[in-house]
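If you want the building blocks of each chain, they are given just below.
Protein chains: 2
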Amino acid sequence: MKLVKNALGRLVPVEVNGKKATPYMGVGKFKPDGRKYAPPIRTAADYPADGNKIVSDLATALKNAGLKDGMTISSHHHLRNGDMVANEVFAAAAAMGKKDLMWLPSASFPCHQGMIEHMENGVIHHIEGSMNGPLGAYCSEGKMRGMGVLRSHGGRWQAIQDGDVHIDIAVIAAPTADPFGNATGDQGPAACGLLGFALADSIYADHVIVVTDNLVEFPCIPWQIQGNNVDQVVVLDQIGDASKIVSGTTQITKSPDRLLIAELTAKFCDEAGIVQDGFSFQAGAGGTALSFALFLRDMMRERGIKARFVRGGSTQYLVDMLEEGLTDYILDGQTFDLEGVRSMHENSGHINTSPFTSYNFHGKGNFASMLDAVVLGATEVDVNFNANVVTHSDGKLLHGIGGWMNCLASKCTILPIPSFRDRIPVLVDDVTTLCGPGELIDVIVTERGIAINPQRQDLLDKLRGSSLPIRSIEEIKNEVEEIVGGKPEAPDVGDKVVAAINWVDGTVIDCVREVKS
Amino acid sequence: MKLVKNALGRLVPVEVNGKKATPYMGVGKFKPDGRKYAPPIRTAADYPADGNKIVSDLATALKNAGLKDGMTISSHHHLRNGDMVANEVFAAAAAMGKKDLMWLPSASFPCHQGMIEHMENGVIHHIEGSMNGPLGAYCSEGKMRGMGVLRSHGGRWQAIQDGDVHIDIAVIAAPTADPFGNATGDQGPAACGLLGFALADSIYADHVIVVTDNLVEFPCIPWQIQGNNVDQVVVLDQIGDASKIVSGTTQITKSPDRLLIAELTAKFCDEAGIVQDGFSFQAGAGGTALSFALFLRDMMRERGIKARFVRGGSTQYLVDMLEEGLTDYILDGQTFDLEGVRSMHENSGHINTSPFTSYNFHGKGNFASMLDAVVLGATEVDVNFNANVVTHSDGKLLHGIGGWMNCLASKCTILPIPSFRDRIPVLVDDVTTLCGPGELIDVIVTERGIAINPQRQDLLDKLRGSSLPIRSIEEIKNEVEEIVGGKPEAPDVGDKVVAAINWVDGTVIDCVREVKS
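Residue numbers (the working numbering), protein chains in the order written: chain A, 1 to 517; chain B, 1 to 517.
Don't read these hints as lab results, they were simulated from the structure. Small disclaimer: the values here were computed from a predicted structure and weren't measured. Check each hint, because a few of them may be wrong.
If several chains are the same, the list does not tell them apart, and a pair holds so long as it fits within one copy or across any two.
Here are the simulated lysine-lysine pairs, DSSO-like style, with alpha carbons at most 27 Å apart [said to hold, decoys possible]: (1) Lys2 <-> Lys19; (2) Lys29 <-> Lys63; (3) Lys31 <-> Lys63; (4) Lys516 <-> Lys63; (5) Lys31 <-> Lys68; (6) Lys487 <-> Lys63; (7) Lys19 <-> Lys68; (8) Lys5 <-> Lys20; (9) Lys396 <-> Lys5; (10) Lys396 <-> Lys19; (11) Lys267 <-> Lys462; (12) Lys487 <-> Lys5; (13) Lys306 <-> Lys396.
Using the sequences and the accompanying hints, generate a full structural model.
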């Protein structure tokens, strides 16, 4: 396989799964000159006039859709580890004797472990999409026939929109739907909140199947997915295990180190002048990020500061802020707990977004770059502030990208991370996999100090004389290496490229090698 | 100009404005085999990271958009006769010395009379879109250089989506917008309710300019138009004359004949078994249609019947029905009065739709065919139930198509019409312009009786023995001719084709000739 050095000096393949790939060229440097993917024109004459698109079962729907060997089937991950639909789709395809399919999930979870069997027996050729847990391990071990392609949420929209990846059949699990195919995630026994990760699929796939266990009379309101884009509707007994879809409650961290990191992050935002009336921020649903949001909330309460918008994944904590009047809006991309689902129903300031509005880099701008601050995680950060979010230092592919890459566009990108985990340094000389260019990562907050990217002289100036522990990243790294007894071991990887990591513009920023041990 | 006979025996041009045109082939007979129009891929790298797309004025925006001679500029008509933006756009284009532009409004109004001067001096080559009042007269007189093309609301979406017509620059008047270009019609001094007629323009135009007089901080909620599709934002002092945008109140008819027609229509619906729990209907904002809705409402109240949905144009009468619990939903396409605008804000059952969801024939179905009954107007109906909605018997082009053609897909299409107007029969041997094929028009209700299309044997059976005045259409027509002293005079028209009438699938169903006198 031919590899070339991209603009970050990473060796990347020039061809991925038989298609020409463009090596990463730098932030904003790749200028697309093509046209968006153009789906086939359909006619209402070929669809039931009464709007009833229900067919008896998944196998019939796949047959009607013209499922053939080698096709691509997509799915979304809003049902998370409770998803029952993707497994049934590939079970049906296997029963039909189909081979060499490509699965394009927006993310996969441990509940999808059964896909390994489908890969072993030839039903699935490979997966493009984040692979968590067992599927990541399978890919890491070099067992998948095709190359994994990891894209951010915005990058997945970009790839589908631009025709970089073509969806033959989209199967959209819908907690509620009507016979026309209008569908929503905010109601029903498998309620998950949003269905935004399936929106691109519904618009650009050649054929769209909605699968629900809660059929309602037309019209299904809201129509997060529009029936006018849907070919068939299938009703199942159960599409998801509610207990694994949304958590009843999201939890803040209890670790003293993580609490310290969260507090330092909030204080940094304050001293950097970010926490002002009308500001905006995004923080994930991880324990540290949630704790950060609580420290920020207290600060806002105390000083009477109101945000214009906060971006979710929504949680009870963001909902509390909205209902307390600490922000005008939650711009929500996915719902992490039941309070988020409730708020989406009840609060007019709780707004649904999609990867198109929030993250698509091949649009006319997106929301990510308008955020005053974003707080993200990382598995590794190097001395040039380049960061890794998909592999561990042992080289294993264990995490998806999510919206992480897209969020780096924020005005201030902060990574609150422990300086080491399980005695393995998080701060390194060179990241195992480079997912985020250092020029976009502004601040690292660890329990041993805060490192500001030297490219952000404005932030360095603002924090001059601060009582916060501002240090150089090298200094913190060296301290950690002394504590844990040296640098992390180099991963034991082979030459084989098992996955490509795509940047927000579709270029290849890095790749993942086969893990030997 | 070469003309051929289409499937309805109408002579239609095989070329319209330099493009090959397909003659009408029958209901549902034309099967498209192409792909949707593919807009150019953009990159966020070319748009301001802070989301501020404001430019100083319209001329600058048009210059930035690369306005060139011969380009197509589109606009929407939600500001109706109060629109101030389209005139300013072409004034700016004229000042820039541009020539031969095509204007693609979703409809034009008397306030756009100034476009005649632009056509006279070469700035505008021709208009594709409904031309009401003076522009219709100008076109009728054969003075426009290009051919007018009249499309239904759904047909305009179809044409833009399919690339039948290409928009270089869409200018979207927005009652409220933010600097990113998110825009809504439901707020602001020029509030008009929806912006659905501009949605296709925002998605498919090469360049999109939002023009507002009510700039709000990001995010503008709701975003009926998504800023991610918008290139530039222009702020003007005033985009519309509120008094001409929505009426304070919509009026029911006071004419005894029209009231009779409305009552007969409601009674027909009842006896035909349409008025049942969970049914649906659509009626326009004209006096007769509103009166029909009131008769229906009384019937529903009396019997405790609830509709599943009614389709607007919304008015105070539909809003009353929603708030009284007589329907679960209003599926609204445009807002006709202030009560409609209020309700859109306040009622979770008042739902925004677009020509895509409601009418696009080149989608995977649409809402129009799911309606149990629709009540529409017509200028003429012939003995085969073919109907005209754009010209009068004198041949003059005076009306747009609106959603009329799309609505014919309903399960029961009823035209409540006076049998004559100003002593000119409405029922004729042959319509001046054929806009609706008789096979889709089920019932004509006049003050002299109700005519059921012989193709609807099921309805004839249901109404057998009814006390309603069921008569043949010929019988009513003959009676009218006796009263007014004969058939209407043939229009005094020449050979020149001044406008093409496009069916919902983009084929040419008829054309309009130059009026001589």
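Consistency of the hints with the structure:
no.: 1; hint: Lys2 <-> Lys19; in the structure: within (13 Å within a copy, 47 Å between copies)
no.: 2; hint: Lys29 <-> Lys63; in the structure: between (43 Å within a copy, 25 Å between copies)
no.: 3; hint: Lys31 <-> Lys63; in the structure: between (39 Å within a copy, 22 Å between copies)
no.: 4; hint: Lys516 <-> Lys63; in the structure: neither (40 Å within a copy, 59 Å between copies)
no.: 5; hint: Lys31 <-> Lys68; in the structure: between (34 Å within a copy, 24 Å between copies)
no.: 6; hint: Lys487 <-> Lys63; in the structure: neither (55 Å within a copy, 57 Å between copies)
no.: 7; hint: Lys19 <-> Lys68; in the structure: within (20 Å within a copy, 37 Å between copies)
no.: 8; hint: Lys5 <-> Lys20; in the structure: within (15 Å within a copy, 50 Å between copies)
no.: 9; hint: Lys396 <-> Lys5; in the structure: within (22 Å within a copy, 69 Å between copies)
no.: 10; hint: Lys396 <-> Lys19; in the structure: within (25 Å within a copy, 57 Å between copies)
no.: 11; hint: Lys267 <-> Lys462; in the structure: within (13 Å within a copy, 76 Å between copies)
no.: 12; hint: Lys487 <-> Lys5; in the structure: within (25 Å within a copy, 82 Å between copies)
no.: 13; hint: Lys306 <-> Lys396; in the structure: neither (42 Å within a copy, 59 Å between copies)
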